[in-house]
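Colleague: Below are the chains, spelled out letter by letter.
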Amino acid sequence: GIQVEQSPPDLILQEGANSTLRCNFSDSVNNLQWFHQNPWGQLINLFYIPSGTKQNGRLSATTVATERYSLLYISSSQTTDSGVYFCAVVGLTGGGNKLTFGTGTQLKVEL
Amino acid sequence: GAGVSQSPSNKVTEKGKDVELRCDPISGHTALYWYRQRLGQGLEFLIYFQGNSAPDKSGLPSDRFSAERTGESVSTLTIQRTQQEDSAVYLCASSLASPYNEQFFGPGTRLTVL
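Heads up: the sequence lines are chains Y and U, in that order.
Using the numbering used here, the first residue of the first sequence is number 11, and each one after it goes up by one.
Using the numbering used here, the first residue of the second sequence is number 249, and each one after it goes up by one.
Computed, partial: chain Y to chain U, Cβ under 8 Å:
#1 G106
#2 N107
#3 G112
#4 T113
Label pairs and their in silico Cβ distance ranges:
#5 K305(U) - Q13(Y): 18 to 26 Å
#6 K118(Y) - R286(U): 15 to 23 Å
#7 S257(U) - S36(Y): 34 to 42 Å
#8 G319(U) - T30(Y): 41 to 49 Å
#9 E350(U) - T30(Y): 18 to 26 Å
#10 S346(U) - E15(Y): 23 to 31 Å
#11 N66(Y) - G319(U): 28 to 36 Å
#12 N40(Y) - S321(U): 20 to 28 Å
#13 D20(Y) - T360(U): 24 to 32 Å
#14 L287(U) - N66(Y): 24 to 32 Å
#15 E77(Y) - K265(U): 43 to 51 Å
Below, in silico cross-link-like pairs of lysine to any residue (SDA-like), each with a Cα-Cα straight-line distance of 20 Å or less:
#16 K118(Y) - Q289(U)
#17 K305(U) - T103(Y)
#18 K259(U) - G51(Y)
#19 K259(U) - W50(Y)
#20 K305(U) - G106(Y)
#21 K305(U) - G11(Y)
#22 K118(Y) - G290(U)
#23 K118(Y) - L287(U)
#24 K305(U) - Q285(U)
#25 K305(U) - V267(U)
#26 K305(U) - G104(Y)
#27 K265(U) - T324(U)
#28 K64(Y) - F352(U)
#29 K118(Y) - G288(U)
#30 K265(U) - F313(U)
#31 K64(Y) - E350(U)
#32 K64(Y) - N40(Y)
#33 K305(U) - N107(Y)
#34 K64(Y) - Y348(U)
#35 K64(Y) - N349(U)
#36 K265(U) - R329(U)
#37 K259(U) - Q52(Y)
#38 K305(U) - I12(Y)
#39 K263(U) - R312(U)
Hints are computed from structural coordinates only; laboratory data are not their basis.
Cβ atoms here follow ideal geometry from the backbone N, Cα and C, with glycine treated the same way.
The shape of chain Y in the complex, shown without the other chains:
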């Protein structure tokens, strides 16, 4: 099946800093989503972005489908941005009826 790799696995930032999270995937995709899992375990939808670029406030994302990667940008980070960021995809061939998740990036934003 499709493989999803995220980097970095862990990230510590000072409040106000910017960061870029990366997601590489091994096949063409029909669905790519970025999620933020908060400390209470809730998965919050950030972006549905199988291709192109989107922005939502301090967050933006870009998926370059032909090169099989996606980037999540966090600007002017805040302590409430802490948590785990997951990238998840549905593969075009043999992807099945499911999102395949990466192992996540654990982000901690400090004052």
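Please build the complex by placing chain U on the supplied structure of chain Y, with the hints as guidance.
Modeller: Showing chain U alone in chain Y's frame:
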């Protein structure tokens, strides 16, 4: 409702007991998914329902796991003869029509098997 809801939010059970977990999808979403998240891990797919089609059960880890869905509404995930390795958060998601659409997740049920 506005989002996906799940109940109970927490369930503690003894090894060998059966448990039932419930999911209410977003109104109008015909596709429903169950995933499992073990501590410190990513999410693993369990099962997918779409309308009246036969469910995709390819992710169920053993025959102790089963799920049902009534039409295009509520779904229940049943785990029989629970084992300690079943301890995890069980998350339900729903979407329009197919997995290619954006999936929205409920808050999960945290299952602890003693």
